[in-house]
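Undergrad: Residue-level listing of the chains:
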Amino acid sequence: MKKILSATIATCILTISCKKEFIELPPISTVSVEAVYKTDKDFQDAVVSVYSTLRNQYQDFWIYGDLRSDDSWHALGNDAFLVSVNTFSMNSSAALLINTWRNYYSVINRANLILSKIERADAAEVTNKNRHIAEAKFLRAIAYFDLVRIFGDVPMITSPISIQDGYKKNREKTDKIYNDLIIPDLLEAESNLPVKYTGADVGRVTKGAARALLGRVYLTRKDFIKAEAKLQEVTTMGYAILKNYNDLFDYSKDEHHSEYIFDIEYEEGGLGLGSGFSNKFLPKSAGSAADLYYGVKGGAGEQNTPTLAFFDAFDPADLRRDVTVAKGYLDNNGVFRGFIQIATFTKKYLARTPAINDSKANWKVIRYADVLLMYAEALNENGKTSQAIPYLNQIRTRVGLPEHTVTSKDEVREQIYRERRFELGMEGVRWFDLVRTGRALSVMQPFGMKPHMTVFPIPLIELQIINDPAVLAQNPGYD
Amino acid sequence: MRFNLLKSGVTIFALGLIPFFMLSLGLNAQDKTSLVKGIVQNDDGEPLSGVSVVIRKANDNFTSGTSTDSSGVFTFSRIPAGGPYSFAFSAVGHEPQTISGYNIKSAIILSLVINMKRSGADALDQVVVVGYGVQKRKDLTGSVGSVSTREIRDLGVTRIEQGLAGRVAGVQVKAVSGEPGSAPQIRIRGIGSISAGVGPLYVVDGFPTDNIQTLNPNDIESLDILKDASATAIYGSRGSNGVVIINTKRGRSGKPVLTFDTYYGVQRVSRIPKMKNSKEQAMYWLDGMRNKNMDDGNNVSGHPTTWRQSVPQVIMDVIEGKNTTDEDALDGILVDAPQQMYALSASGGNEMMKYALSGEYMKQDGIVINSGFERYSIRANFDAKLTDRLMIKLNLNPSFTKQSALPSTGVCCLGSGVVAAALNIHNFRPLRNSNGDYFNYDGLPDLAAVYNPLAVAMETKVLNKVTRLLANLTAEYSITNDLKFNFLIGGSVLGNKGMLFKPQRSYFFNDLPFGSDNSSQVTNWLTEYTLNYNKSIGKHVITGLAGYTVQKENGESNALSSNRYPNNLVPTLSAVSGLITNGTSNLYEWSLLSYLARVNYNYNSKYYLTASIRTDGSSRFGTENKYGVFPSVAVAWRLSEERFLKNISFLSELKLRASYGETGNNNIGNYDQYATINYETYALGGGAISGIAPGRIGNPFLTWERQKSVNAGVDASFFNRRLVISVDHFQSRNTDLLLNVNVPNNTGFSTALQNIGEVKNTGWEFVLSTVNLSGKLFDWSTDFNLSTYRNKVVRLGPKGDPIYAGNNVTMIGQPIGMFYGLLTDGIFKNQSELAKGPIFNPGAADRSRVGDIRFKDVGGPDGKPDGIINNFDRSIMGSPYPDFYYGMTNRFTYRNLSLSVSLQGSKGNVVYNLSRGGGNSGRARVRGYAFSNNYWKSEQDPGDGITPRPNDNPTGGVRLPSQAFLDKGSYMRVNNITLGYVVPAKISQKIKLHSLRFYVNATNPFIITKNTAFNPDASMNDNPLSPGNESSDYPLPSSLLIGVNVSF
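Chains A and L supply the protein sequences, listed in that same order. Per our numbering, the first sequence starts with residue 1, numbered consecutively. Per our numbering, the second sequence starts with residue 1, numbered consecutively.
One chain only, chain L, in its complex shape (with noise of 0.2 Å):
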């Protein structure tokens, strides 16, 4: 028997008798009445739980109501015989079904299996998960992205983090690094601070932190970020670079079900960079040496190796083909790597008590040989229902993670990175000699002196194990069904333990052995007191929320570390007899008081008001400032529930949202108000004997950083929910921003801390969501975002002196860390070009010559050009800030087949490249990129115009600062393609599943880009001061994975 239904193209499978049913039932046959059993299922074959099943039988005005268990089973019995009846069913997230047309037979089952399809991706029901409280989505009046984990579950994170990447509009994720374990660089709606931080506050569960690297993706029930003020405000002085709520999976009544998730697969470097072979890499050294003899004037009619600046005989011997070794380092270092993640999961439960339970671990090795991370977690959430009015919630979360790390970036030589030194290595020097020991790359005449970095990763050991117990405690008390009291206690434990080896070695230049240890233990707890009251009069509804919390942490670390070990054999500190050589150890703790209050009011799901304040004392802050107070206020008004628009047939909803609100930063320290001791030592007598100076000059009037922020919004949707648009325009200004104001040096330091910068932020979000077509069979649909923020600096310290951060400046006007250098204008091609100038230092020894890079003169101590390029001609050379960025995921679904594939992007932004500056500025001493292959030979053979000649003692300023570093920034990266399968229920319940999937995950298999190195998406460090520089940053991975989903 089979069914075609109704509304919106869903196929409903009635399957008629399931002997498995029959089974499990004892039927009175005599009854004129019968049984009504059925499973709901979702687009992918999973059963739906908290699903509402309501049967009708018009005639007679019979009705009955049930939902659905844990294993998405509902049952009516003693169900009167006859008909028609209809069922009609409904769940949070789901388009609502009706089927109808069924007659029951006395004494005989009748067994319904429901697929109920997804509504679109912000269903107006679908629930928000906003501070301290919860909304719908159609009741939101500030902007808020959520991200269900059905989205991100098949992608094989291992932190929840990286399943945010490319899909919610406003939130910029960054792959920074490919390191196992490593988290991505995450900015909501640009940066508004300069150096107090400028990553999200998390809240898990109702307890804010800053570490989620423990959280077992698997676990996650919801993530929504809060991004206008008008909804972080109520996390006060935490609240402006953006909020992450993440809840975790509750348990829901009904049979238990025990879930297994697993994949295993495989992951490769994603891209590597093209670098120069040993010829390519010989002739530029050759060609080098050849112009750094004809600069000082010497005779270079001879055999190379007879100039007077000599060329090794390595070098001819790869020139002349007696050496023909060409093996690239990145390929020793580099390895396949496998992936996997075993995870068992159970819940059910029953209206007094549910659970939910899950053990998790996972493996994922580093594509860096001898790099890797693991996982074990276990969570039990508890929820129970201790009287009427009375409910507690526990969550237990202990988790262990351990990182086999490895020191991985690093520009150049000595004792740096694996995939630095391995990037520096001539194709023509192997990684190992002929009889397989490690190459001593020392004291080498062509190269820089560089530790092997295939020793570094194997024969160093760098481990870090994190364990950790999240755990919280709510009790809910209804004083009436409007009031309720809600208590909440919280806490963590972060151990890290961390130690360091490495033997001495020829390879390592017989470096003295050094090991360290190191661990530290924080302790965070919360308690929180809010009263929720809820009450409609009417047409009137009005939530109020006040509450009252405070949190305090409590931090503490040591390091010791040795150089004196005797030998190798031991790596633990125990081998050096107490000869430690360094060892700290410290203390901090931090506190933050608060009050909070919220206002909801909304007339007739028409017009809404949303208002709420927060007050947040810091023993951060200084004596002078102690307390913060943000407000925030949104308005919002659904046009489609107005009478002149409910007619319009194709509206389905619209709405404009406007909001207001003050947030704060507080990550400026934990003691920086205070003038502090630095403790130093000077060699007196032959020993070290202890001194005291002042570190920093005090500050009691250190706050917070604020920001106001105004955020305008329009939600539209057409044609029954299948065209969705949202924009969002917001503008905000970050004032009182901490910096480290360069102050004059003559005072004896060179910076101060103060509450003196400011910058604005504006931006657009849009977001598209399509049903593109919704057949029986075939289903497509598309969500697309694209935003933009334009970032600028408004005042900087006293003076508004620019900033100069390496290669990036912050300066008024600009925004934060523009790179900064010089400008190229191609090379001097000839003599003639050369007289024209402008010269580079004229007059001195590394002044511009033919060949050299040709810089645009801008300036001059006058501020006029003068001819001569110098410190007088850097400017603004590019931006790290992409023009927009943007998301995509589709998602096609056949049968029980699924596919989605999402894809980020970034256009208009530059890199600033740092690995090129040893191999690509002249000097041989280091590999280069091989796209400068087609530099300056001669006059005559000018190569492509814009790479400079080679040369061993590089003039004309090529190894400045200049835009010859910047590559190409903009990319369109696949991140994610996954295939999906889910078994038909009737083949999994025959085998006695409730479910079973299997599915393919293929993580960034596509790139586009002009990049030249190995990730566009580069940032070495989180420093909103120096933003993307790229520094041979360990490679991000493509893996591909193979995944079961099991449910019993």
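Chain A on its own, in the form it takes in the complex (with noise of 0.2 Å):
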């Protein structure tokens, strides 16, 4: 009896004398941010996590760059969102709105993180520095340069911020977003980001990269000479279009090929790495057509459909018309076959899928023929008409038309703005440009546009967060 009391006093005492560390019980199945951010492996893998929101970010790229735009619809009209998107009727509430906010400022925080940490981290253990600064400087850049086209002012954040903090962040001006950050980082990217990368490496931006967007990004604010020195700087990185206009959509070829600067990587595998594009972008009517035909498995949602009127601007000898704006399939024994409802589909995102939303297919960000256009765009705005000729001529070329001839510049600059319809249809081109030059009103006002409407509304459930009109208020028009 004293035995078993004396034991039970025993482990009584016992248990006590270790209570502190008996309650302390750090997580076993993952660790704290404080225990990271230190070594050169850490910093890359903190680096991959940027990417990996844009990734989450690019699956819906669409909805802004296409069906907003007069190229695509969502004829099915099963859903409300979409439809809404289409007939510009979008309600500040929907969910892909707040999705883009905090994706975007997720990439930024994860990115502003890595800055922060790495700033104070030792070069001599973080071997490669100045290339996470890079990567992740280019990747706070393309998030803001998206923002700002998708929602006009937006809180420009550049440190890691607390909660409290981001209650007070006000809406800045666009204009500051570029001067004072967009273009910055974007030009430090440039200078320490390598030409090109091998191995498990492929995929991360590139000074090609850098420079391409830079491009854009000065385009996009008229800002022709800048562009098209920048741009000009591209065409003698030994970028080439293609030949073959389809190769670009051919997911059995690798899709890092010489036209290739900059894509949101997809990976098929069940590893939750594959794109939705395959199954979002194809019709339902072709039902079991969609696997026996195209191996996309796990059916078809026919979210984005190319507009007839799209496919009838096409030049009917223009190579790239049945890729961009489909009106049926072959069939198993090559016979053309038309859908009953829905008129026309696009085949740029037909990767073979394993399962549903798990397709190869990458979304292209840049491409050499964009930058090749792009900088033809800027030349003929720079009076340089005659030289942007033989870029814009490249492009048709290669897709089966006939070479344009030296016009006018205004004529050139209208020639510029319908190429560009044709090779990026579908890639989420269009609206940004019918915005950046200013016609979009003009062309999209049959489809319910009001003058308001380049920019979408600030997602309602931020507004009711920071519910404080003076740091965050909607855009006008929308409230």
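Since the hints were derived computationally from the structure, they do not count as laboratory data. Note that the coordinates shown come from a computational prediction; the quantities given were computed from them, not determined experimentally. Treat the hints with care, as some may be off.
What the hints assert, rightly or not - Straight-line Cα separation of at most 27 Å, DSS-like style, residue types lysine-lysine; simulated pairs: (1) K552(L) <-> K20(A); (2) K497(L) <-> K363(L); (3) K937(L) <-> K274(L); (4) K829(L) <-> K968(L); (5) K169(A) <-> K799(L); (6) K450(A) <-> K836(L); (7) K864(L) <-> K450(A); (8) K174(L) <-> K968(L); (9) K255(L) <-> K117(L); (10) K799(L) <-> K168(A); (11) K249(L) <-> K484(L); (12) K626(L) <-> K552(L); (13) K117(L) <-> K249(L); (14) K226(A) <-> K176(A); (15) K626(L) <-> K20(A); (16) K255(L) <-> K990(L); (17) K968(L) <-> K1010(L).
Both chains come to you apart, so use the hints to assemble them.
TA: Next up, the structure:
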């Protein structure tokens, strides 16, 4: 008996004596932030997670770039939100808006955390310090570039912030964001990024990507002088357009070819890295055709349908037409079959897809053909119309179209705009081109666009959270 | 010989000589003494053990006492012949009885059979199990509800929680799912938390746990529900949602008793919603497409198949009578399902060693085809008295459960639940083709793509197996007569194994085959040291408790899955040759270290004082907030003991109670205080490259949620306890609620965890128990309870931002999770009504048109109605909380027959029917409910004025969350009707049985409700932020069971 008692008392004392440790149990299956952001590998991993946020965001980029424009519509009509994008009746409470806002600010804050932690890091230990900084800055710049193009003035956050700080972040003028952040970030990225990567780094941002994006930024700013200079540099870096336009969308081939500059990377294989484009853009009417003819499993979403008007606008001889706006598909016997209800679909994202939303089709952020057309545009705007024409014709001859000859600056401008629509159709460029060149309202008015709709509404949830119009107010016209 | 006795109309049979007894006795006929032998039974004819029996002979002061053994038998040997003798019987929970007038003749055995009647529902001497101890009901200062095993043993419940339904005031039990093995949703006294869990703590034989799925309901001896903070504060940081204390049956000394219990029955779906038949659905389709074409300005004069947006031929075939198929897919997936249980138990022992052993097998097939739940469990409870001062108790409870689960819920479409899909399929699209194959619902022009629900049920495998060992050992050492030391060590090992396989089939859209394999193991151990002091000095009674306890849990889990199966032949991951496409494993642990103390004092059973305190330290709390202190105090005054009330003859008992206490809720996540890293990947160089990023914002101040609560109550009984009334009022305030607070998304996060919310609950509870009739042969008693609570959010995040969760909103000044959306005001019946507005999205393609819902214009950008329907017009549109809920049980006994009818109800709440979203909001691409058949057809035929027009491209905002999706939530359901018959002891003992009892039980036989879906008790998840959402949940079964209890 005494033994039992003394044994229990002993256990008692034992457990009491170690009580502090007994109730201090740090996580086992994860680590805290403080434990990382120290080594070169840590920063390399941290940069990867910035890309991965962009991967989420670019799953939806087509809604902004194409669905909002005259090239595409939600023909199926069963998704009220997508219809509201078409009809310019989008509600500020739409989940897409807050997701976009959060995704970009997640990119920005992850980049900011890297930039603040790496500042104090020892360059001897963090051997690729400059490259990590350059990548983080590039990714932060592209996030802000998209944000200002989608929402207009937005809060400019350049270092890690607390929740309390978040409530005080005013909208900053887009001019300031371009001048103080986007352009300097890209310039720094340009100087420190490598020209090329190999092996497991292929897909990261490069010097060429920074230059090409800078060109696009300058063009958006109508700073044609700087745009011309920067884009000219890109033309000297060894990029070349592919011989065959359709090869750009042949996913059995490597997507990192001579025309590739910067893609958001997707990979199949059930790893959560796939894109949804192949499923989402395929028409439902294709039904099992999706699987049988295109190897796209998991069903068709029919969310993003190129318009019949877009089809009609193509020159019938244009080799780009079928892949951009297809009117049917060839069955196993090579017989062309059209669809009953839905007239058109795009074949630009038809990668073999083993499971739903698990396609390897990348999202092309910027490719060399775009650079050539932008360069042509900058040259033309700078009065170098005759120098611009050959770049425009490079694009046209690839797809079996006759060359242009020199005409007036205004005519060439129109030709370049047209060419951009056909060359880059369904690649997320059209809407931003329309806005950038001031044509949005005239083209989109018939669809319901009003003058204030060159930007999207600020997400309602964020307005409600900040709950202070002096800090964050809705874009005019949406309130 | 027959005696009719005395007080309270009790009937006692003295059956004279029973040969059975004679055989077992060796009598000495020469003595001038004899033997008295008897058996004491309860109302149901079952033997009662531990009944104290005293024999007296008044004229010469002869007295002797004994008590009944485990088979209810008592014996007095060598009782001097003569008389008259009287016998007094008393037992806890039963009315005391005295029988007298017996003469004993030498060498002739007197045999008695005594039926003891149960006393009222809250008999004063009934023992109530409270935290770390027991009390008599009359001595309670707090609010504690009790459910006896007798009330629930016939119900065929597969989980003990189900037995609580409608029985205890302040305990709301919602039968949210009819899936075998699933738990009901239990809320004690309102909703005290927003995100940290709102279910009660369970304490099984002294061992706190959150999983009681593996318990065999037959093993339960008592269920006590601690409701007010003076009762729950002794459980400290785990007490604020209430505590359910479960004790299991223990052995009693006496001859071994073997008991065999079994039931068998059939279940059928209790209620199915009325859906559109083929023709109604086809017309809805046609009209919807016509409206779409008309909206687009297309000509609709030709045949519908030729319209610009054409109607598929399959729809026209139904309308034109060429296709008369009309099969409800629900009929294809719902079946009559058997339910059965077999349990064998043995108990007995002697003063030194007692045992209660049981084994059970239970199998409940599901009413959705191919689902089911099985349990095997064994229990061994031993009590050993090692010395006069040392007592050891050992409980062992291994069990194994197996659940064939089905994905049953989900609103619409891809890969969704069986019930949801069956609800969605048009009646003219039968589940099987004419050749018997599963119909493939992919790529149809008339129906949204959906997995064939019958195929999902039949061809996919979802198995969950749980093995568990629950064990504890108590040593009780009496240091002195007043002071006892208790040591308890307990442990639970819970293993879970799950597997899933879905083959690649056309009816699953040829999706890749998918399989997964997951397992988890949770070990939890507890040690507890308590000192109990118990002393009476004159009229002062004092008991004290002091203790120290630690508990720790370790959990590990892993999951593997793959979609790289080469074929459909082998469902296990062995088939994928190592190509695992997803795998994870996790470890966690938590610990709790506590000190506790309590003092109970009473003076002359008249004035009571209870005070308790507990300190909890936990690994879950942030470094800045490691320990919490939880005090309580309670007083009670039994007025009926006062001299000035003693003479009021009709008053049996009157007690006033008041208490205050502080408790907590520590379900805050094991590591939520830490800013942890998330691992993410990105595709680089054609492969997955891993990355790291902060997963959340850390919070070293993170702590338990606090509750402060007061309770005041009155217990009164009248007319010799034939009328018992109890009223309780409580007010509680929960502060420091853990909230995933919305934070500015410009931080890169949308939410962060903070202790920042506050809610208030106030409520009333009424209990009424009456003995309506008490006669020689016929008894009728009623227990009724009614409860109400009002929940109100006081504080919410730094800025008080509302929390939007689906169709619910949580905002300051309102209860948690109110329904939020547009208010409806009929439909626009004609052009002139439309012209008056208000219009949804004016000018846009989806603007309101004639036939669309007219919403109420309640706001605008500047807070004033602006004639336009948009987000500003959303408001609170209904409450998921009832005005009150209630339960009632009526018991009738007539001779050996007993009948019990119990019901529960809820009044005044609404339900949000997510299942209406598919087919009842304009598009006919999935099947709709029939209640909307009288929809707007034209200005001349506007229908019922409420139901909008169908439209293949819905306009006017009809698909937005609005009152159009709200359904009635009030109901009154008969939970149970049980008819029992005890074979008279005379007969059962002739066939050498102690007792034999038969019963028939009907579960959920009736419901009265205006709800249109399966079950008004809906709640698709346990999240307090989104209560009351219906989502094609697994329907409730009705069942009819026949059962037998035999004891040897």
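Undergrad: Compare the structure with each hint and give your call.
TA: So, going through the hints one by one against the coordinates:
1. K552(L) <-> K20(A): Given pair K552(L), K20(A) holds - Cα atoms ~14 Å apart, limit 27 Å.
2. K497(L) <-> K363(L): 19 Å, holds
3. K937(L) <-> K274(L): Holds, at about 21 Å.
4. K829(L) <-> K968(L): The hint holds at about 25 Å.
5. K169(A) <-> K799(L): 16 Å, holds
6. K450(A) <-> K836(L): 25 Å, holds
7. K864(L) <-> K450(A): The hint holds at about 24 Å.
8. K174(L) <-> K968(L): 15 Å, holds
9. K255(L) <-> K117(L): With Cα atoms ~23 Å apart, K255(L) and K117(L) stay inside 27 Å; holds.
10. K799(L) <-> K168(A): Distance of about 13 Å is within 27 Å: holds.
11. K249(L) <-> K484(L): 23 Å, holds
12. K626(L) <-> K552(L): 16 Å, holds
13. K117(L) <-> K249(L): Roughly 21 Å separates the two Cα atoms, so the pair holds.
14. K226(A) <-> K176(A): Holds - the C-alpha atoms of K176(A) and K226(A) are around 17 Å apart, at most 27 Å.
15. K626(L) <-> K20(A): 10 Å, holds
16. K255(L) <-> K990(L): Distance ~18 Å between K255(L) and K990(L) Cα, so the pair holds.
17. K968(L) <-> K1010(L): Between K968(L) and K1010(L) the Cα gap is close to 6 Å, so the pair holds against 27 Å.
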